[in-house]
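As a plain string of letters, each chain reads:
2 protein chains.
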Amino acid sequence: MEGMTDSPTHGPLRIALCQMNATVGDIAGNERKILDGIAEAREQGAQLVLFPELAITGYPPEDLLLKEHFLADARAAVDRIAAVTEGIVALVGFPEREDDVYNALAVLADGELHGIYRKLYLPNYGVFDEARYFQSGTEAGLIELAGIRVGLSICEDIWEPGPPASTEARAGATVIVNLSASPYYAGRGRQRERMLAQRARDNNCVVAYCALVGGQDELVFDGHSLVLDHRGEVIARAGQFTEELLVATVDPQAAATHRLRDARHRAAVRTEHEDPPTLARFPLQPLSSEPPERLRIGGPVAELLSPVAEVYAALVLGLRDYVAKNGFSRVVLGLSGGIDSALVAAIAVDALGPGGVSVAVMPSPHSSLATQSDARLLADNLGVERFEFAIAPAMDAYESTLGEVFADRAPDITEENLQARIRGNLLMALSNKFGWLVLATGNKSEMSVGYSTLYGDLAGGFAVIKDVYKTRVYELAEHVNAVAGGERIPRSIIDRAPSAELRPDQRDEDSLPPYAVLDPILDAYVEEDLGREQLRLRGFHADDVEHVVRLVDRAEYKRRQAPPGIKITSRAFGRDRRVPITNRYGG
Amino acid sequence: MEGMTDSPTHGPLRIALCQMNATVGDIAGNERKILDGIAEAREQGAQLVLFPELAITGYPPEDLLLKEHFLADARAAVDRIAAVTEGIVALVGFPEREDDVYNALAVLADGELHGIYRKLYLPNYGVFDEARYFQSGTEAGLIELAGIRVGLSICEDIWEPGPPASTEARAGATVIVNLSASPYYAGRGRQRERMLAQRARDNNCVVAYCALVGGQDELVFDGHSLVLDHRGEVIARAGQFTEELLVATVDPQAAATHRLRDARHRAAVRTEHEDPPTLARFPLQPLSSEPPERLRIGGPVAELLSPVAEVYAALVLGLRDYVAKNGFSRVVLGLSGGIDSALVAAIAVDALGPGGVSVAVMPSPHSSLATQSDARLLADNLGVERFEFAIAPAMDAYESTLGEVFADRAPDITEENLQARIRGNLLMALSNKFGWLVLATGNKSEMSVGYSTLYGDLAGGFAVIKDVYKTRVYELAEHVNAVAGGERIPRSIIDRAPSAELRPDQRDEDSLPPYAVLDPILDAYVEEDLGREQLRLRGFHADDVEHVVRLVDRAEYKRRQAPPGIKITSRAFGRDRRVPITNRYGG
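Listed in order, the protein sequences are those of chains A and B. Anchor point for the first sequence: position 579 equals 1488 in my numbering, and the numbering is continuous, going up by one each time. Anchor point for the second sequence: position 194 equals 1103 in my numbering, and the numbering is continuous, going up by one each time.
Since the hints were made in silico from the structure, they are not lab data. Cβ atoms here follow ideal geometry from the backbone N, Cα and C, with glycine treated the same way. Hints may be right or wrong, so weigh each one.
[Stated by the list, open to error] Derived list of chain A stretches under chain B, where covered just means 3 residues or more per stretch with a C-beta under 8 Å from a C-beta of chain B:
1. 925–937
2. 1031–1041
3. 1285–1299
4. 1306–1315
5. 1478–1488
[As the list claims (entries may be wrong)] Pairwise CB distance ranges, derived in the manner of DEER restraints:
6. A:Pro1423 x B:Val993: 45 to 55 Å
7. B:Glu1297 x A:Gly938: 51 to 61 Å
8. A:Pro1423 x B:Ser1045: 43 to 53 Å
[What the hints assert, rightly or not] Covered by chain B, according to a simulated footprint, are these stretches of chain A (three or more residues, beta-carbon under 8 Å):
9. 968–978
10. 1323–1333
11. 1336–1345
So here's chain A without its partners, still in its complex pose:
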């Protein structure tokens, strides 16, 4: 076998990472972005250009992958892209149709397809269904650029500590590239960065991680592409939640030299017996004729957003892309004067501009004057179009229609839900008449316990903050005002005790534990899968546990009919959490 000890001496390598926003199914549009990325990378002197996982089709294409003609169309795009790869090596993610279907990477250069690497580890947990579509690859893969060996991997492949990266490093790779589409949740970017640093150190390799960016239904891909040197130091970082062509110069020779001093690595080389295939060898123009700034090792290093700014940016991008990629130009939402709809309105304005947002204030006889005037003030602050609809006439109509049947029954949740549904109907009427997307404004705490009305406040095409617990809603509202340097969201909205205002003097905390108690129980039950007993052992009050677990389980049927929304936690409702409705298990 060939180890690093007999590697020749190499100069630096210049890599471009095309952190692109692909759209699922838009093969022609994605192809254009890839062609632009190749042109721009070449212009910036890159010798190797990376694109994200399944860049051709967008990620995740889900059951489009079951259509043979879809796979054929994706392959045709790869072949067209290959034709323009003069003087540069491009690694492009695509679904490969062969004896089976593979999540693959095409090695394109000099106008040709030189080889294909197939993803080894197919995630099939959380939001992932890759085993539904793909067969696993069986081999690590290398390419060689003027003697520099580059190891290949796709997303999940590099989360595993061993092969393919270890196999590739032992076969002489000094650079490991990873094409990725990694869904965001709060803190995921920093976690990924630590993992990649570990992989770089594990393997004494430069790591170049090229990430997808953009919103796709419930998912946001946060970008945050990275280049790390062999010591695990970040030497280039793309911005989060934005398209960018990140170009960095790396020093494979430094990795090779360092290995000679690393006894662990030498020992590992001795125990490794099988070499991965080298898919292609390319000569490269040396970089020595380049301007000096291109020879400087590293590249731009974007600053990381604060934890709260990161979540806010995810919500803005997730909404913007859902709206734009589905062909809408405007959204509408109900403003109650409460904090949830206030936050969603601010996110919408930051995603689409004030001209892309309309709001409706829809007071009932139970709405206080304070909440109504707060709603109007907020709309003015945000500069959005405002409608006003009183819902009392429709309430009266339903009351008289149902009066006889309900004659001997006291008012209850029925009448409360009718108010919410009238508001939902009015928003949907605006949607139908003007072609706007309705935003639902419920938060994760409500979604969890079913404190929401199906076809009422749950009505809408997109539920922006459905994965945001109420306690985090407050943090995000404070963030909005901190960024604005003032009360963009009126202070009284933030300070008022939460209420659905569906009956006189109603308060959320009359029927639910305080959110500061509720949210940690929800997190432990929904995201950590703890049982009643474990929840009590963690110190939650037995009555609260009993109450909350029962509410969460009973609300599954509502969640099944809720609009999609943006995942920002480790387990969102939706594809991420697949719980039966018919379920007698007591939690």
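Model the placement of chain B on the given structure of chain A, informed by the hints.
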């Protein structure tokens, strides 16, 4: 290795197949049914009793399998069941938590757990997500009952032509048992029966296939347990869509004798080198002391339902179990005088009795007198409680509320949707006030093309016929009347041209191709995944193809918020078909 040539001579074996209706998560209830099944099997002289796949937890338990305490509870139930297995061998499906989680089968006898077989093939397509939860087993498995070798398998294992069944047969098994949970779709039972006959012949084995029965959210399990002799002849068959303990006497010796004459089998034996483990050996009481009818080979053979009766039975059971297992005692639906709601009402009455069904007739100014009187006649025929609500007052209220904003716009789909939503609100008000489950009445043709109103006619907890194409709705309505021997569903409902009656003189075929044209296109596009070009090659008109494909793709957002309903085709909307909403692929 040991082949069949050295097998001793055996008498008959008496097997019970407990075709039970398990409830997901109801470990205590499922345990009781299993204990009852064991007692009854023993009483009927069975030496071996089979239960369905994951009988302990119900199927599919989905993300309950991610809870460690759920797995522990399931295991505790297995241990309790083991304690009552004196004088009988019981094979019980359960999720096994070991180094990983397995879809497993416990061999219980004489008060003990003797061994565990792990499912080899994990389906991860269609509605199945087994790779999300389980690790594959790696070995075939045998048990030996007084010298009779019995090969073990779980569901998907026997759909594969080779191992584990072939391995087990070659190691001397003359009986192959299969514990199953196989979701129904039209024609699936006959297909399964042909497959099992082939496996019996392939392996020269008796095959005993024990199936789950019952409804679980979108799925119906049709029962239809089978025992086939080594020539593939059905010698016992349980009823479809019903709980049953099927007891059959089989003749393993006949299989063994036949093998001696089967050259193919002998050749196969010679090429097989590895024996599966024998998990347990049990002495058995000989059957010779049994009454003579127990010695007769075979068992009861239920007649198969006709294709249309089968689908109808699936819908009845699916609805009955959804209602009962979710703790409802009554359903309510709107009767429009059209055929869809008429069929759903008939199904509901057959599932729950007339006392379990209320209907609401909710005419608008666009409702013809004929449809109204048909709706009333149908309600009378079915003997159900009827409410009448005029929706004009609520229509007027919305019109005046929205009048100013819509002043310069002509009436359009907005006003039509408002009518549907008012009806949805009224039904939901009945649901909220009285605790009834609302049934949505849309069919698959409408669900496909989005010819339905979100939060309007799509409102409800369960959409009984959402997987039934309109052309099949007619067949089922005729079936209802044929069974009743008269016009249980009034003839005028069946004969009238379909209309939503949301504007004057509206007919479905004004905006859609005739259903006889539409449904085959939908079937080819939705279930077969054909593209535009392939659809045209199949002879569909290019304009129809273009129109239908666009409508189907655009309606994905509606389907995502639709209630669950019963799968009766090879690809239903729901877990079965996972298509992105944000999707620019043109079909």
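Hints and how they fare:
With a cut-off of 8 Å between beta carbons, the region 925–937 of chain A has 5 residues touching chain B; three or more are needed, and the interface restraint holds. For the region 1031–1041 of chain A, the stated coverage by chain B is satisfied: 5 residues place a CB nearer than 8 Å to a CB of that chain, which reaches the threshold of 3. Beta-carbon proximity to chain B at under 8 Å applies to 3 residues in the region 1285–1299 of chain A; the threshold of 3 is reached and the given coverage holds. Remark: the region 1306–1315 of chain A is confirmed as covered by chain B, as 7 of its residues place a Cβ nearer than 8 Å to a Cβ of that chain, reaching the required three.
Closer than 8 Å: that is the beta-carbon criterion, and the region 1478–1488 of chain A has 4 residues meeting it against chain B, so the requirement of 3 holds. Take Pro1423 (chain A) and Val993 (chain B): their Cβ atoms lie about 48 Å apart, and the range 45 to 55 Å holds. Between Glu1297 (chain B) and Gly938 (chain A) the CB atoms are about 53 Å apart, so this pair conforms to the stated range of 51 to 61 Å. Our hint of 43 to 53 Å for Pro1423 (chain A) and Ser1045 (chain B) holds, since their Cβ atoms are close to 46 Å apart.
Here the region 968–978 of chain A counts 9 residues with a CB under 8 Å from a CB of chain B, which clears the bar of 3, and the coverage holds. Counting residues of the region 1323–1333 of chain A whose beta carbon lies closer than 8 Å to any beta carbon of chain B gives 6, which reaches the threshold of three, so the coverage claim holds. Requiring three or more residues with a Cβ within less than 8 Å of a Cβ of chain B, the coverage given for the region 1336–1345 of chain A holds, as 5 such residues are present.
Violated hints for the displayed structure: none, as all numbered hints are satisfied.
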